[in-house]
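Visitor: Line order of the protein sequences matches chains Z and D.
As numbered in the working numbering, residues 24 to 339 make up the first sequence, in order.
As numbered in the working numbering, residues 2 to 322 make up the second sequence, in order.
If you are wondering where the hints come from, they were derived from the structure by calculation, not from laboratory data.
Hints are not guaranteed to be accurate.
[Stated by the list, open to error] Derived, one-sided and incomplete: chain Z residues facing chain D with beta-carbon distance under 7 Å:
id	residue
1	Thr90
2	Asp178
3	Pro184
4	Pro187
5	Ile190
6	Leu271
7	Ala275
8	Leu279
9	Ile301
10	Trp302
11	Pro305
12	Gly312
13	Phe316
[Said to hold, decoys possible] To be clear about the criterion: a stretch of chain D counts as covered by chain Z if any three or more of its residues have a C-beta under 8 Å from a C-beta of chain Z, and this derived list gives those stretches:
id	stretch
14	11 to 20
15	142 to 149
16	152 to 166
17	262 to 273
18	279 to 290
19	301 to 308
[Unchecked claim] Examples of chain Z residues lying across from chain D (beta carbon under 7 Å, computed):
id	residue
20	Ile179
21	Ser182
22	Ile183
23	Leu186
24	Ile188
25	Arg194
26	Tyr195
27	Ala274
28	Tyr278
29	Gln298
30	Ala308
31	Ile315
32	Val319
33	Leu320
34	Asn323
Backbone N, C-alpha and C fix where the C-beta goes; we use that ideal spot for every residue, glycine too.
So the chains spell out like this:
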Amino acid sequence: MTDAGDDGMAEVRPGESSGRGVALAVRPTPRVRPVVGQSYWQIALARLRRHRVAMFGGCTILVLVATAVLSPWIAPYAPTHIDLTNRMSLPSWRHPLGTDELGHDVLTRLLYAGRVSLTVGFSAALASALVGTLVGLVSGFYGGWLDNVLMRFVDIMLSIPDLPILIILARYFGGSLLGIILVITAFGWMGTARLVRGEVLKLKRTDFVEAARALGASNARIMLRHLVPNTLAPVIVAATLAVGGAILTEAALSYLGFGIQPPTPSWGNMLQNAQDFIWRTPLLAFWPGLMIFLTVLCFNFFGDGLRDAFDPRLKP
Amino acid sequence: MGAYLLRRLLQMIPLVLGISVIVFMVLVMAPGDPVDLLLAGNPRVRAEDIQLLRQIYGLDDPLHIRYLKWLAAALRGDFGYSRTYQIPVLDLVWDRIGNSMWLTVPSFFLALAVAVPVGVYSALRQYSVADYAATFFTFFGVSIPAFWFGIMMIYVFAVVLRVLPPGGFSTPGVPPGWPALVDRLQYMVLPVVVLSLLQMAALTRYTRSSMLEVIRQDYVRTARAKGLAEAVVIRRHALRNALIPIVTILALSIPALFAGAPLTETVFAWPGIGRLIVESVGGGDYATAQVALLFLAMLVLVFNLLADLAYALLDPRIRYD
Chain Z
24 MTDAGDDGMA
34 EVRPGESSGR
44 GVALAVRPTP
54 RVRPVVGQSY
64 WQIALARLRR
74 HRVAMFGGCT
84 ILVLVATAVL
94 SPWIAPYAPT
104 HIDLTNRMSL
114 PSWRHPLGTD
124 ELGHDVLTRL
134 LYAGRVSLTV
144 GFSAALASAL
154 VGTLVGLVSG
164 FYGGWLDNVL
174 MRFVDIMLSI
184 PDLPILIILA
194 RYFGGSLLGI
204 ILVITAFGWM
214 GTARLVRGEV
224 LKLKRTDFVE
234 AARALGASNA
244 RIMLRHLVPN
254 TLAPVIVAAT
264 LAVGGAILTE
274 AALSYLGFGI
284 QPPTPSWGNM
294 LQNAQDFIWR
304 TPLLAFWPGL
314 MIFLTVLCFN
324 FFGDGLRDAF
334 DPRLKP
Chain D
2 MGAYLLRRLL
12 QMIPLVLGIS
22 VIVFMVLVMA
32 PGDPVDLLLA
42 GNPRVRAEDI
52 QLLRQIYGLD
62 DPLHIRYLKW
72 LAAALRGDFG
82 YSRTYQIPVL
92 DLVWDRIGNS
102 MWLTVPSFFL
112 ALAVAVPVGV
122 YSALRQYSVA
132 DYAATFFTFF
142 GVSIPAFWFG
152 IMMIYVFAVV
162 LRVLPPGGFS
172 TPGVPPGWPA
182 LVDRLQYMVL
192 PVVVLSLLQM
202 AALTRYTRSS
212 MLEVIRQDYV
222 RTARAKGLAE
232 AVVIRRHALR
242 NALIPIVTIL
252 ALSIPALFAG
262 APLTETVFAW
272 PGIGRLIVES
282 VGGGDYATAQ
292 VALLFLAMLV
302 LVFNLLADLA
312 YALLDPRIRY
322 D
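Chain D with its partners taken away, still in its complex shape:
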């Protein structure tokens, strides 16, 4: 296991470098010259000053030199300043990630709590009405545009029923502690449901097909043949094995939730990392957008690794030596 982990970590190095090149290129491709943007609307700037600034920022260096300089700074944790907020980009991104976690973590557990039971039941009663309903639900979940679903939810729960806020993060003036938490929970309900829908649908589908595959295996037939109660057969022999591939899908759903956040967070005006990307791109603050992108890509890598490790740990048939 140790050797396998080491090998996987070494394999990640070229991946990380490749991602960094693409993320760097994103910044290079940004429309508008950084110096022009910096000095926009300042009539007293002389041509020499512009030239000096270009030199300081290294904008006239060849591309590979610029990349290496950028990489060296990035490795030190220096990603520059946000144009909009005038604070270090890294601080800004960390702050927004924290806000996003309020949505992604509950969404993850909601998806898990609904998808696994529904998927298992659907597989055990294949071709029943419940199975068709569950299958339709998965199609519904992967086909509906998240932002439209969000708007419809706002209409029903905030406009018509008036039971939940239409968007936002917290009510101003609520005292900290319990009242603030209760207040926050009200704001969380709709975005959490909307954010988790896609993952919920995908996970239900995977659980169903994984379970269908497992209940046809010989060891399940053996378990039945030796007279075990049906509940024991399902729980101990079928479900435990069906869940192994699900763990992989689960691990990958965390970065997927973050990647889907731009839409949900925009609909509900939630100040998370997704909305930060939308706002910073809209406002031409590309340094911020780039770091947010880099963070999300690293998240994918980390959870990919975790998924593989979990798979190796859970499935004794798999040996990595």
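Next comes chain Z alone, as it looks inside the complex:
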């Protein structure tokens, strides 16, 4: 959010106040603050650590990742274990969150489903960031007809509503994990491409890039050493928010039946049948959605905090 600081004016420190009448007196030596070398990344990290909402989001994400990775050890049952005598049971000591209509332990499936959702989220966001950065970099750096062709392609891709085409393509790819990641990536890179292209167009004209060129740096070196590092911050912010977006998309596709297919649990496909049982066991529909909501919310909190932390216009 654009919360630009209210006062852009430099603060007047007491030691430097130009007191009238002291002009003839010996000027007091200005108090010198010790200069502590802090890189851009260190400043951003320090700001991020003070951002309480972002830290809440980040910590919750770490917990979610840990439970997903450790699910084979902490889950009470195997994900496909079926307790036939205890179907659609309420929470009990044997099944802390109850069981579903087939007798699966809901807690177990929630834990395992987290692996699927987080894998899709991180992979699709990372792949989108890579593709988007590459396209934006090439487009902005070389310009000309190549830029024109690539950006018109971006326009076309952005005009196609994502959920409907993802439904169609996910169905074609048969709902495999890799297929879902590929499909979400295919329609997820355009924003980053535009972002990076804009940054590259700005950076291309700066003196340090000119200097690098004068020193004989190759195009590849300029792009990789000078342009990419300077576009990294906004790309990281976009990618963090994209993790949440990809998790939401995967959940939607799986809910509609075109994503991850049972018996592999995913938060989305756990909701698929839950709606039919809402009269008998409403809790069955509650947990998977809550997990999606919480996870996506935390990625949005963290991404927003990152954006503020990287924003040079905000006060340190």
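Keeping the supplied structure of chain Z fixed, place chain D upon it in accordance with the hints.
Guide: Positioned in the frame of chain Z, the structure of chain D alone reads:
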């Protein structure tokens, strides 16, 4: 303005062609051979007949010929027949779009009616409790899965409170006219709220940041300095300018509402275009899915154009010559 409009329309031609190529490819990529699907379960078909049908449908032509044939038919409004419903796809899609409008139009106005006042108030009282509440609401709205929110709403209002129907489009046997309308309104409440939530949240966020930007401008300070009442400053000088970028976002929220419809319409069993896409893809009726997709993409283009035109009309600082 006329020249600008013409130029924008000409620029749309390559976009439309590009979209048509992608939509065409979607059909080509569809699993299963159309002829096999057509003749599935018919044991008396001979190999020669299959070959003949393939020829008639032009399935053995090279890809670019097939595309041009498809495009020529599409330009005449011929998109083929729906496999499931056995009626022309175009009629089916039009019919479902009409049903979707019952949700998208009220959702649009609901989002607008909530987002603008909340966003403005939030900006005017920056860092107040109300502002934090509004900000949390925007995070809530963009993070919650629409279908889960829908299911929870059904649980509260249809299962526990029993005040609204859990889904559907109308009660059978209700006489047309006023009773039918009142009946329809009951079915609309929950899906409209669910569908508008995401747009509402996004719009609140944009309104807030746009307003925050404007109230720091010199002309707002000038308006205050010359002694205008605060309400006049806000309404005439700040809000009017803050709303200019909002109009763009608003125009784009219409196609976004349609694009989000597959989820809401599935949760509430609403027979609109979104559910048509889900059903037709599920049933292998790809010709229908393709036309629905094409319609939604065209909607994006049209509203993109409208957004730009509105921007040019509203903001006198922008001149397109």
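Visitor: Now tell me if each hint is right for this structure.
Guide: Results of checking the hints against the structure:
1. Below 7 Å, beta-carbon pairs count as interface contacts, and Z/Thr90 has none with chain D, the closest being about 19 Å; its hint is therefore violated.
2. Hint status for Z/Asp178 relative to chain D: holds, with the closest Cβ pair at about 6 Å, below 7 Å.
3. Taking 7 Å as the C-beta cut-off, the interface hint given for Z/Pro184 holds, the closest approach to chain D being about 3 Å.
4. This hint holds: Z/Pro187 has a C-beta 5 Å from the nearest C-beta of chain D, less than the 7 Å allowed.
5. For Z/Ile190, the suggested interface contact is upheld, since its CB lies about 5 Å from the closest CB of chain D, less than 7 Å.
6. Proximity of Z/Leu271 to chain D holds as hinted, the smallest CB-CB distance being about 6 Å (cut-off 7 Å).
7. Against a cut-off of 7 Å between C-beta atoms, the interface hint on Z/Ala275 holds, since the closest Cβ of chain D lies about 6 Å away.
8. About 6 Å separates the beta-carbon of Z/Leu279 from the nearest beta-carbon of chain D, less than 7 Å, and the hint is met.
9. Interface restraint check for Z/Ile301: the shortest CB-CB distance to chain D comes to about 6 Å, inside 7 Å, so the restraint holds.
10. The beta carbon of Z/Trp302 comes within 6 Å of a beta carbon in chain D, closer than 7 Å, and the hint placing it at the interface holds.
11. The closest approach between the C-beta of Z/Pro305 and any C-beta of chain D is roughly 5 Å, which is under the 7 Å cut-off, so the hint is satisfied.
12. For Z/Gly312, the interface hint holds, since its Cβ comes within 7 Å of a Cβ in chain D; the closest pair sits about 3 Å apart.
13. Nearest Cβ of chain D to the Cβ of Z/Phe316: about 5 Å, under the 7 Å cut. The hint holds.
14. Against chain Z, the stretch 11 to 20 of chain D contributes 4 residues with a C-beta closer than 8 Å to a partner C-beta. That satisfies the three-residue criterion, and the hint holds.
15. Requiring three or more residues with a Cβ within less than 8 Å of a Cβ of chain Z, the coverage given for the stretch 142 to 149 of chain D holds, as 7 such residues are present.
16. Only residues whose beta carbon comes within less than 8 Å of a beta carbon in chain Z count, and the stretch 152 to 166 of chain D has 5; three or more means the coverage holds.
17. A stretch counts as covered by a chain when three or more of its residues have a beta carbon under 8 Å from one of that chain; for the stretch 262 to 273 of chain D and chain Z the count is 4, and the coverage holds.
18. With 5 residues having a Cβ less than 8 Å from any Cβ of chain Z, the stretch 279 to 290 of chain D passes the three-residue criterion, so the hint holds.
19. Under the rule that three or more residues need a Cβ within less than 8 Å of chain Z, the assignment of the stretch 301 to 308 of chain D holds, with 3 such residues.
20. At a threshold of 7 Å, the smallest CB-CB gap from Z/Ile179 to chain D is about 4 Å, leaving the interface hint in force.
21. For Z/Ser182, the interface hint holds, since its Cβ comes within 7 Å of a Cβ in chain D; the closest pair sits about 5 Å apart.
22. Annotation: Z/Ile183 was flagged as interfacial toward chain D, and the flag holds, the nearest CB pair being 5 Å apart, inside 7 Å.
23. Here the hint on Z/Leu186 is kept, as its CB sits about 5 Å from the closest CB of chain D, short of 7 Å.
24. This hint holds: Z/Ile188 has a C-beta 6 Å from the nearest C-beta of chain D, less than the 7 Å allowed.
25. A hinted interface residue such as Z/Arg194 counts as satisfied when its beta carbon comes closer than 7 Å to some beta carbon of chain D; here the least separation is about 5 Å, so the hint holds.
26. Interface hint status for Z/Tyr195: upheld, as the beta-carbon distance to the closest one in chain D is roughly 6 Å, under 7 Å.
27. Checking Z/Ala274 against chain D by beta carbon gives a least distance of about 5 Å; that is within 7 Å, so the hint holds.
28. Interface restraint check: Z/Tyr278 against chain D, minimum CB-CB distance 5 Å, threshold 7 Å, status holds.
29. Here the hint on Z/Gln298 is kept, as its CB sits about 5 Å from the closest CB of chain D, short of 7 Å.
30. Checking Z/Ala308 against chain D: minimum C-beta separation of about 5 Å stays under 7 Å; hint holds.
31. Checking Z/Ile315 against chain D: minimum C-beta separation of about 5 Å stays under 7 Å; hint holds.
32. The criterion of a C-beta within 7 Å of any C-beta in chain D is met by Z/Val319, whose closest approach is roughly 4 Å, and the hint holds.
33. Nearest Cβ of chain D to the Cβ of Z/Leu320: about 4 Å, under the 7 Å cut. The hint holds.
34. With its C-beta approaching chain D no nearer than about 5 Å, Z/Asn323 sits inside the 7 Å limit, and its interface hint holds.
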